[in-house]
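Engineer: Chains as they are written, first to last, in the working numbering: chain A, 1 to 373; chain B, 374 to 814.
I should point out that these hints are in silico values taken from the structure, not numbers from a laboratory. Hints should not be assumed to be uniformly reliable.
[Stated by the list, open to error] No more than 27 Å apart at the CA atoms, straight line, and that leaves these computed lysine-lysine pairs for DSSO-like:
id: 1; chain 1: B; residue 1: K595; chain 2: B; residue 2: K618
id: 2; chain 1: B; residue 1: K491; chain 2: B; residue 2: K428
id: 3; chain 1: A; residue 1: K113; chain 2: B; residue 2: K618
id: 4; chain 1: A; residue 1: K300; chain 2: B; residue 2: K491
id: 5; chain 1: A; residue 1: K317; chain 2: B; residue 2: K491
id: 6; chain 1: A; residue 1: K331; chain 2: B; residue 2: K491
id: 7; chain 1: A; residue 1: K150; chain 2: A; residue 2: K19
id: 8; chain 1: A; residue 1: K130; chain 2: B; residue 2: K773
id: 9; chain 1: B; residue 1: K484; chain 2: A; residue 2: K331
id: 10; chain 1: A; residue 1: K150; chain 2: B; residue 2: K563
id: 11; chain 1: A; residue 1: K265; chain 2: A; residue 2: K304
id: 12; chain 1: B; residue 1: K593; chain 2: B; residue 2: K521
id: 13; chain 1: A; residue 1: K114; chain 2: B; residue 2: K563
id: 14; chain 1: A; residue 1: K268; chain 2: A; residue 2: K300
id: 15; chain 1: A; residue 1: K221; chain 2: A; residue 2: K300
id: 16; chain 1: B; residue 1: K563; chain 2: A; residue 2: K113
id: 17; chain 1: A; residue 1: K114; chain 2: B; residue 2: K773
id: 18; chain 1: B; residue 1: K428; chain 2: A; residue 2: K113
id: 19; chain 1: A; residue 1: K317; chain 2: B; residue 2: K484
id: 20; chain 1: A; residue 1: K268; chain 2: A; residue 2: K150
id: 21; chain 1: B; residue 1: K618; chain 2: B; residue 2: K563
id: 22; chain 1: A; residue 1: K317; chain 2: B; residue 2: K593
id: 23; chain 1: B; residue 1: K563; chain 2: A; residue 2: K130
id: 24; chain 1: A; residue 1: K155; chain 2: A; residue 2: K304
id: 25; chain 1: A; residue 1: K331; chain 2: B; residue 2: K778
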Amino acid sequence: MTNSPGSISRGTYALRQKKEHDRRCLAVLPIYYPKELLTAFDILAVELWGPPGPPCGDGAGRLQSYVCSVVRNALAFLQSGQADAMDGALFPHTCDSLQGMATLVTDFGGWSKKSFVFQHPRGSDRESAKVCVEQELRSLAGELEAWTGKPLDLKRLQWALDLHREIDACRATLLDQRARCPLNDVELYELLRRGEWLWPEEHLEELRRAVQALASSPIQKGIPIMVTGYVPEPEGILAALGNAGAYVAGDDYAAVGRRVSRSAKHLKGDPWAELVERYGSVAPCPTRNAESGMRMQYLKSLCKSSGACGVLVHVQKFCEPELFDIPDIRKTFAAIGVPVLVVEGDLEQTLSGQTETRLEAFVEMLSTAGRPS
Amino acid sequence: MMLRRLQYEMAGYAGPALLRFQEWQRLRSRKGKKSKSGAQASPFGPPLECVGKLKELMSLHYLQGRYADGAVPVAWVTSGFPIEILRPLGFHAVYPENHAAMCGVVRMVPKLSDAAEKEGYARDLCSYARSDLGCCILNTTPAGRLPKPDLLCCCTNICQTVLYWYKALAERFNVPLVLIDTPFVYGEAKPHHVAYVRSQLEELVKVAERVSGRRMDLDKLKDVVTRSKEGARLWGECLATAQAKPAPWTGIDGFFHMGPIVALRGSEECNAYYRMLRDELKDRLSRGIGGIVNEKHRLLWDNLPMWFAVRELSTLLAERGFNFACTSYTNAWAEAGIQIDPADPFGSGASSYMHIILNQDLGNRLGILTRLTRDYSCDGAVLHSDRSCKPYSVGQVDLKERLMKEMGIKVMMLESDHNDPRAWASEPGANRLTAFMESFA
Chain A
1 MTNSPGSISR GTYALRQKKE HDRRCLAVLP IYYPKELLTA FDILAVELWG
51 PPGPPCGDGA GRLQSYVCSV VRNALAFLQS GQADAMDGAL FPHTCDSLQG
101 MATLVTDFGG WSKKSFVFQH PRGSDRESAK VCVEQELRSL AGELEAWTGK
151 PLDLKRLQWA LDLHREIDAC RATLLDQRAR CPLNDVELYE LLRRGEWLWP
201 EEHLEELRRA VQALASSPIQ KGIPIMVTGY VPEPEGILAA LGNAGAYVAG
251 DDYAAVGRRV SRSAKHLKGD PWAELVERYG SVAPCPTRNA ESGMRMQYLK
301 SLCKSSGACG VLVHVQKFCE PELFDIPDIR KTFAAIGVPV LVVEGDLEQT
351 LSGQTETRLE AFVEMLSTAG RPS
Chain B
374 MMLRRLQYEM AGYAGPALLR FQEWQRLRSR KGKKSKSGAQ ASPFGPPLEC
424 VGKLKELMSL HYLQGRYADG AVPVAWVTSG FPIEILRPLG FHAVYPENHA
474 AMCGVVRMVP KLSDAAEKEG YARDLCSYAR SDLGCCILNT TPAGRLPKPD
524 LLCCCTNICQ TVLYWYKALA ERFNVPLVLI DTPFVYGEAK PHHVAYVRSQ
574 LEELVKVAER VSGRRMDLDK LKDVVTRSKE GARLWGECLA TAQAKPAPWT
624 GIDGFFHMGP IVALRGSEEC NAYYRMLRDE LKDRLSRGIG GIVNEKHRLL
674 WDNLPMWFAV RELSTLLAER GFNFACTSYT NAWAEAGIQI DPADPFGSGA
724 SSYMHIILNQ DLGNRLGILT RLTRDYSCDG AVLHSDRSCK PYSVGQVDLK
774 ERLMKEMGIK VMMLESDHND PRAWASEPGA NRLTAFMESF A
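Pulled out of the complex, with its shape left as it was, chain A reads as follows (with noise of 0.2 Å):
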């Protein structure tokens, strides 16, 4: 695992939790998981979001070229030994193409040491939904326990929400003082992705010293725009951004911004219903089915509320959810007079000299036409 801030990787990281704290490590795959559980059970998520650059070893010919790079180099990675600092994998599913992975590595090979899987309704609104999400999760609970030998301690989950909660609320404290934070995107987006392998704990450490660090009123000079998408990578989209002028006001990326629980009621004393209602309470995304309506409503109050003007549409190719909304997003923003610039990503490269061109001319045109009214 070489997405490394810093000096220290992912990999190395979670063999030093095992030595340092006797912590079993989980890969886990996106996008949603609940994380406070595994935090409740002494068990570190490792999230694997490919990792980017081509793949590694040969695992990823099991997959079609056409299947989207995130699951095809995350295969090569499990398959090449690579992960081998984990005690386990978890597969959340989030896509057709993550399914297949899941019963792919379980069934014929790529992953022998323990998986898991979690399979999130879609619609969560729904009553039935709801019953079968907590189902779902005191199952995992259930295998969880059998694997630690530990039963689940429901005043640890509630600690575990708690302190989940907290990381959201800085995360989201940065992520909406996006103008005040004296960061560069390249350095916030790093912190940011850090909670995907850190020990939530010392990752509120760092966010909370960076929330301090907040500046009283604005600082960023750039062009404010807004990003939805899927993960960012190649993480040079984020330097060209810079380069051309421009920084991330507002985040709708499925890896960051979007998985931000804002509006969880705070449910003292039933850490099972808190944890269907964090479930619950992260920002729209396609692929757990969220109304159209209201996904493009989030989108443009996070618009409005960022002072972005220009919305930057960067989606891994060959995935679909996030493929199917695009004309929705270009109708909407078109209707209220926001530029959009769809950018197709695909992890297993990096960005490409048209795609900076194309992200320059953007933020080129923005700073000439003046902020929507």
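Could you slot chain B onto chain A? The hints should help.
Structural biologist: Only chain B this time, still in chain A's reference frame:
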């Protein structure tokens, strides 16, 4: 409303006669042309006599559909949707996948897809979805006219793509969308997953009652479920005739004859048709008539067909004595439906509709492929790596290796698309198939 209802009923009564007349005219003009050009010897056996009836049945379904909106409640549904619940409420069901396949056969897809792409839908999306959305955008269809939906019904047991596709339709038509979300099955379904699907089926009844303005009659529902189960059994019987050598029909025939079990499941017309087809196939068996003239090798086809090139492919193979004796896709419609129990439509329906080939693990899929290979005495398999269908295509590389190893057969992967001819390179594809066939020598 009264007039629409009258037109709808009239299309049902007078339609068959009209369609038979059109077919008679078509055959008459074709007969004249044949005598002028002089036909080459066909590698196929004599055509099934049922084909005429199949065309009539499906054409009638689409003909009635032209007058359905305003006359009866109309639902657009995915192929794996538990349609049994809608039938007692009088819904006319339209199957966009079936309709998209029709667009594929008549090669309309590039034009339709262009229209969808202009609206921002990527070419990497499912070509059924692009075809269907293209038809909506251009307001065109090879079926004459499609009735506007009052309800959209989507079940994720075949893929999750249908969910995104139907959401786009729901927005376009501004009608309710009912989702039956089926958790993926590893081995056996978990009880809380079955309960979840069951409760969604019960929620569906409420929505469908509201849209149709009718109350669910449980006795009628049981009748529909009984017919649906019988239909699946009959379809299975038709397919099983191809276990004989030579197979009395081809797997490619099966792709077309599956129309009624997809679009008319639960109706008496569907079952009557499959009784007729089964009897004809058994008659061909007794007389030794094959689907192709000189059957030397029998193949398994995995995944959806390439609708735009079925004739091209089947001819290439038939000319060299290769027949697709079975296909995992057509077989799917014979397997899940028989599990449903008329005495418990909701509970058994939930379980049955979860245990669809694409909603189950790859171990199960391998089991199906090996069983088909054995039961149909296949000595080879073609796995269609379908750019538009990821749930069907993920895992095929491993399936290929395992089929070769465990069954000792020759297997090839053929990359294409089920509906978009732009993803198919005809000559290189034919070369690969020819080389594959030569390896049997």
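Engineer: Each hint: holds or not?
Structural biologist: Going through the hints against the structure:
1. Distance check on the hinted pair: B:K595 and B:K618 sit about 38 Å apart at the alpha-carbon level, beyond 27 Å; violated.
2. Proposed proximity of B:K491 and B:K428 is contradicted: the alpha carbons are some 34 Å apart, above 27 Å.
3. The hinted pair formed by A:K113 and B:K618 fails the criterion: a straight-line CA distance of about 46 Å is larger than 27 Å.
4. Restraint check for A:K300 and B:K491: the C-alpha separation of about 23 Å stays at or below 27 Å, so the hint holds.
5. For the suggested pair A:K317 and B:K491, the alpha carbons sit about 18 Å apart, so the restraint of at most 27 Å is met.
6. With a CA separation close to 12 Å, the supplied pair A:K331 and B:K491 stays within the 27 Å bound.
7. Annotation: proposed proximity of A:K150 to A:K19 holds, straight-line Cα distance about 19 Å (limit 27 Å).
8. With a CA separation close to 39 Å, the supplied pair A:K130 and B:K773 exceeds the 27 Å bound.
9. A hinted pair counts as satisfied when its Cα atoms are at most 27 Å apart, and B:K484 with A:K331 qualifies at roughly 22 Å.
10. Between A:K150 and B:K563, the direct Cα distance comes to roughly 23 Å. Compliance with the 27 Å bound is thereby established for this hinted pair.
11. In summary, the hint linking A:K265 to A:K304 is supported, as the alpha carbons are separated by about 25 Å, within the 27 Å threshold.
12. Among the hinted pairs, B:K593 with B:K521 is consistent with the structure: their alpha-carbon atoms are about 26 Å apart, no more than 27 Å.
13. With a C-alpha separation of about 19 Å, the suggested pair A:K114 and B:K563 falls inside the 27 Å cut-off, and the hint holds.
14. A distance of roughly 33 Å separates the Cα atoms of A:K268 and A:K300; the hinted pair therefore is violated under the 27 Å criterion.
15. Between A:K221 and A:K300 the CA atoms are separated by roughly 22 Å; this keeps the pair inside 27 Å, and the hint holds.
16. Taking the CA atoms of B:K563 and A:K113, the gap is near 22 Å; set against the 27 Å cutoff, the hint holds.
17. Under the criterion of a C-alpha separation no larger than 27 Å, the hint pairing A:K114 with B:K773 is consistent with the structure, at around 26 Å.
18. Between B:K428 and A:K113 the alpha-carbon distance is near 53 Å, which puts this suggested pair outside the 27 Å criterion.
19. For the proposed pair A:K317 and B:K484, the alpha carbon gap of about 23 Å is at most 27 Å, so the pair holds.
20. Straight-line distance between C-alpha atoms of A:K268 and A:K150 comes to about 23 Å, which keeps the hinted pair within the 27 Å bound.
21. A hinted pair counts as satisfied when its Cα atoms are at most 27 Å apart, and B:K618 with B:K563 does not qualify at roughly 41 Å.
22. At roughly 47 Å between alpha-carbon atoms, A:K317 and B:K593 are farther apart than 27 Å, so this suggested pair is violated.
23. The hinted pair formed by B:K563 and A:K130 meets the criterion: a straight-line CA distance of about 16 Å does not exceed 27 Å.
24. Pair hint A:K155 plus A:K304 does not hold up; C-alpha atoms about 40 Å apart against a cutoff of 27 Å.
25. At most 27 Å may separate the alpha-carbon atoms for a hinted pair to count; A:K331 and B:K778 exceed this at roughly 52 Å.
Hint check: violations occur at hints 1, 2, 3, 8, 14, 18, 21, 22, 24, 25; the rest are consistent with the structure.
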